[in-house]
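Bring the two chains, given one by one in their own frames, into a single complex with the hints.
Sequence order for the protein chains is A and B. Its first residue numbered 5, the first sequence is counted upward by one per residue in our numbering. Its first residue numbered 1118, the second sequence is counted upward by one per residue in our numbering.
Accuracy of the hints is not assured; some may be wrong.
Subject to a maximum C-alpha distance of 20 angstroms in a straight line, what follows is the list of computed SDA-like cross-link-like pairs (lysine to any residue) [as the list claims (entries may be wrong)]: (1) A:165 <-> B:1309; (2) A:165 <-> A:216; (3) B:1204 <-> B:1367; (4) A:167 <-> B:1263; (5) A:165 <-> A:206; (6) A:167 <-> A:184; (7) A:167 <-> B:1264; (8) A:165 <-> B:1267; (9) B:1328 <-> B:1243; (10) A:165 <-> B:1263; (11) A:167 <-> B:1261; (12) A:167 <-> B:1267; (13) A:167 <-> B:1259; (14) A:167 <-> B:1309; (15) B:1204 <-> B:1246; (16) B:1328 <-> B:1381; (17) A:167 <-> B:1270; (18) A:165 <-> B:1268; (19) A:165 <-> B:1269; (20) B:1204 <-> A:62; (21) B:1328 <-> B:1371; (22) A:167 <-> A:139; (23) A:167 <-> A:140; (24) B:1328 <-> B:1401; (25) A:167 <-> A:152; (26) A:167 <-> B:1268; (27) A:167 <-> B:1262; (28) A:167 <-> B:1265; (29) A:167 <-> B:1271; (30) B:1204 <-> B:1261; (31) A:167 <-> B:1311; (32) A:165 <-> B:1367.
For each label pair, taking beta carbons as the anchor points, the in silico distance ranges come out as [stated by the list, open to error]: (33) B:1235 <-> A:126: 32 to 40 angstroms; (34) B:1362 <-> A:66: 45 to 53 angstroms; (35) A:149 <-> B:1193: 40 to 48 angstroms; (36) A:209 <-> B:1335: 29 to 37 angstroms; (37) B:1281 <-> A:145: 29 to 37 angstroms; (38) A:158 <-> B:1269: 25 to 33 angstroms.
Rather than coming from a laboratory, the hints here were simulated on the basis of the structure. Quick reminder that beta carbons are idealized off the backbone N, C-alpha and C, glycines included.
The primary structure of each chain is shown beneath.
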Amino acid sequence: MDTSVATLLLVDDDPSITSQVGAFLERAGYRVHCEANGARALERVRTLRPDLVVLDVLLPGMDGRAVLRALRAAGDRRPVILLTKVGKASERALALEEGADDYLNKPFSSRELLARIAAVLRRARADPVPLSSAWRLAAGRLILDRRARRAVLDGATLAVKPKTLALLEYFMTHPDELLTRERLLNDVWGWDYPAGQRTVDTRVAELRRALGDDAERPAFIETAPNEGYRFIASVRVEP
Amino acid sequence: MIRRLLVSLIPLAVCLPAAAGVELLAPDLQVLQLRVSIGWVLILLGLAASFFLVFLFLLYWLHLRRVGQALEAEQQVRTEAHDRFLKQLDHELKNPLTGLRAAVENLEDSASADPLPAVLPDIRLQVERMVHLTGDLRKLAELDDIPLELGAVNLEELAGDIVEAIRTQPLGAGRDIRMVFPRVPWPLSPVMADEDLLGSAFYNLVENALKYSRPEDVVEIRAAEHDRVIHVEIADTGPGIPAEDLPRIFEELYRGSNARERSGSGLGLALVKRIIERHGGTVSVHSRRDGATGSIFTVRLPAGNPAEPITKR
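This is chain B alone, in the form it adopts within the complex (with noise of 0.2 angstroms):
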């Protein structure tokens, strides 16, 4: 905006010397038989056409400003479609859904007379995985508006628990997961947080790790603070996410081409994101495939009050 308004100035900009020359050099020098100097004649030119131009910018800005808002109408129009589309999307699921379980438990349970049918624990699988996914649309729908339960979150704490429930599953037994967290001089600050939910969106990320890297991978969590911002990096010596992935991956229901064989609902990256935007925090994802491979997840939280005050020196 200020550059197009020096832009309009440079007539009167050019027009004011050259007055100025004119006066100067050939002060008797008149225009048409007139009784303005050619000095004048420049001036008012200049200012004309400065005028004109920062009316033009003017036009200019405030039609660009409509179509910006506009643009902006239009994008919660869709937010809110799309939000709406998921909501539905579950409700729509869950009617077939109840049938199609209340059918296989029908089944099995009056298996004792016939021989089971072959297929029926692949039915109950699909059936089950498809309840989950109806789970996590609810959550994510839910997440918008859930009341968060605030309170002071120990991250080291928190990581610890969750590494110990992981290692319980069968995805992390005998695992290589280790956990870097600072003590000298001081621990990590806390949070302000929702422990349940950050608890979910950690576990979420770890088991994710896991889940996309071989048995003989690492996974790392460690965790550092930069001016008051709490930075959790979740990592792994896994193979990598494809680059064209990258971008989307916290998208509902995205799929990259490493997710397509596994299991999973495809919603669980949208809900950390979700989870963590609302804590007031970031994430964000870096990953390479060749040389040394493997990704990081980092997340970022503002810091709480630090249990021990620290002094700054």
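Chain A extracted, bound-state conformation (with noise of 0.2 angstroms):
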């Protein structure tokens, strides 16, 4: 299938919102279905069958969390992208929970938003089973059990601070992606400021030394010069 004719239904009740990022999306080579309305949207995913659903949280008729519950409940596993407006690492949290692909915060622009469409649905066709709704993942030697908050790397449990296995987390459920510095600080810790580059780098090389990753030579995370981070070693979802 050629991403170019892939179906996005786009659920939002705001129609600036709609008709601008849906513009944007149709541009962009997607065939865009719009519904502003919760309870309208699911009996639309039943009848369409989009390739992925962009999903408002905060919607008329049935909330954008209620309708992604109904449809995991049916058994549906179609990509889900989330537009959330509270960033709070709890929300974020909780979207993963749920069964989102991903999630992003108002306000976003459409090229990042395009740039995630297209990261998930290249993840879904390479495995239906999506990484970011399984409770344990694996890479290698390296097993995460986001339950537990754990990770362990040949049987032996990571010492790393909550905010580094955050970090640890988002890249194995984003696997392969370029995961730009900006959008780590965004994502991982809700904060952005120019000197939250260093941040980044500080934590990178904290879970690069607990993983006995060589930057050099990684098999974990790779260095992308100028530009930010790639997990590159393959994830799989762990019984």
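Okay, structure coming up:
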């Protein structure tokens, strides 16, 4: 299946978003359908069978999270990107728990949404079970238990700070994606400020030390010069 | 309270010696043929007056306390309403901003065919400014209940990293930024802090010092420790802050007369204040507009356990 003909359902009750973001995604080559009401969106997913749903959290009729839960409860595993307004860490964890494939905080850039859609679609094609909704992930000798907030390498628990573990979690749920420092700061820390670049580098260095990963010849985290980082080990869902 | 009690005892204190004097000088004097001596009458009068005054003061005190409590409750309601307002403002701004951002991006991308409207970069800049504002509003709301990831933070290293980072920005390039940290006979104690949060607060202060001074001005970051309190000062030789702005510059969205023509969300110092307060510290400012002009922002933080125990003699 070619990306250029993928069908998207964009659900948001604000017409300025559906019209402008919809137009942007259409020009990028997607077929875009819009819906402004939660309950109707759920119906529309069943009839339209889109390749991906972009779902706002605050919706009339039925809350975006409720729509997502209803989809997952019915065994529908199609990729969903949640649009959230609150960027709190707890909210982010919740979005993943409810089975979203990715989430984006408003006000987001359409270019960023486009990149996320492409990445989620690529991941969904490679593996129908989304990494983001799995409780246990494995990459080679590394196992991440998200419920227990614990990472185990060769049978030994990694001694890292909570934020560093959150960073590892983000890397492992977004493998093979170029993650800019700015995006990591926004999504993992919820804080972005110019000196934050240094914060990301410090944490990545801590993570690499814990993983015994050589920055020159990495097995897990690769540096993309002047751009950011990429988790290069292949990640699978651990039963 | 104690002073008022003493005041109420005055009648008794006056009547007692008077009664004693009367008893001593004229023990046989009687009032209106009653069989009670004047001394006793005076003592009883004094006691009654004192009790009456104590009673009055107690009533007054109870009234004051009730008024105080009501004021406090009102203040609390106002603070909560204020926080709620900031959160709502944040929410209400986000949808239109997302739409605006997408509209600008649509225009930018379709510009290959038509000539690019000249105002587009301006609109883009203003939209990004608003995006920045909503980001700061969210942080401010989040700071009340975000969990701190505490660790021993070496402030000299943190300040060094910040200076290094800010020198890579256009604002800090080529500027005279000095660091004065104690080394002799021992270095500064570390502070127990969330390094990322504290770093963003100090970054903000250094950024402000650079932003509100001229390129030839000096910025100095210095620290000292007194009685287990660490004082970090971010000082500059800039033009100083007008006196009427000083009491309000840590308020949300307050823009002093210096700040009006400069970019920024108006939330930077409010963020700094909340971050420092969450760490059990305080932040204050001194500024001079004539003579040796400039501003000093002072952050006070409780010292954590020193890496090497220092024995005091």
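Going down the list of hints, with the structure as the test:
1. A:165 <-> B:1309: Within the cut-off at roughly 15 angstroms; holds.
2. A:165 <-> A:216: Within the cut-off at roughly 16 angstroms; holds.
3. B:1204 <-> B:1367: holds, 18 angstroms
4. A:167 <-> B:1263: Answer holds: residue 167 of chain A to residue 1263 of chain B is near 13 angstroms, not above 20 angstroms.
5. A:165 <-> A:206: holds, 12 angstroms
6. A:167 <-> A:184: Holds: residue 167 of chain A and residue 184 of chain A sit about 17 angstroms apart, inside 20 angstroms.
7. A:167 <-> B:1264: holds, 11 angstroms
8. A:165 <-> B:1267: holds, 10 angstroms
9. B:1328 <-> B:1243: holds, 19 angstroms
10. A:165 <-> B:1263: holds, 16 angstroms
11. A:167 <-> B:1261: holds, 19 angstroms
12. A:167 <-> B:1267: holds, 11 angstroms
13. A:167 <-> B:1259: holds, 17 angstroms
14. A:167 <-> B:1309: With Cα atoms ~16 angstroms apart, residue 167 of chain A and residue 1309 of chain B stay inside 20 angstroms; holds.
15. B:1204 <-> B:1246: holds, 18 angstroms
16. B:1328 <-> B:1381: holds, 10 angstroms
17. A:167 <-> B:1270: holds, 16 angstroms
18. A:165 <-> B:1268: holds, 10 angstroms
19. A:165 <-> B:1269: Holds, at roughly 13 angstroms.
20. B:1204 <-> A:62: holds, 15 angstroms
21. B:1328 <-> B:1371: holds, 17 angstroms
22. A:167 <-> A:139: The given pair, whose Cα atoms are some 18 angstroms apart, holds under the 20 angstroms limit.
23. A:167 <-> A:140: holds, 18 angstroms
24. B:1328 <-> B:1401: holds, 18 angstroms
25. A:167 <-> A:152: Within the cut-off at roughly 15 angstroms; holds.
26. A:167 <-> B:1268: Holds, at roughly 12 angstroms.
27. A:167 <-> B:1262: holds, 16 angstroms
28. A:167 <-> B:1265: holds, 10 angstroms
29. A:167 <-> B:1271: holds, 19 angstroms
30. B:1204 <-> B:1261: Since the Cα atoms of residue 1204 of chain B and residue 1261 of chain B sit roughly 12 angstroms apart, the hinted pair holds (cutoff 20 angstroms).
31. A:167 <-> B:1311: holds, 11 angstroms
32. A:165 <-> B:1367: Given that 20 angstroms is the threshold and the Cα spacing comes to 32 angstroms, the pair is violated.
33. B:1235 <-> A:126: 32 to 40 angstroms: holds, 38 angstroms
34. B:1362 <-> A:66: 45 to 53 angstroms: Taking Cβ atoms as reference, residue 1362 of chain B and residue 66 of chain A lie about 49 angstroms apart, which means the hint holds.
35. A:149 <-> B:1193: 40 to 48 angstroms: Taking Cβ atoms as reference, residue 149 of chain A and residue 1193 of chain B lie about 42 angstroms apart, which means the hint holds.
36. A:209 <-> B:1335: 29 to 37 angstroms: For residue 1335 of chain B against residue 209 of chain A, whose Cβ atoms are near 33 angstroms apart, the range 29 to 37 angstroms holds.
37. B:1281 <-> A:145: 29 to 37 angstroms: holds, 36 angstroms
38. A:158 <-> B:1269: 25 to 33 angstroms: Because 30 angstroms falls inside the window, the suggested range holds.
Hint 32 from the list above is the single one not met by this structure.
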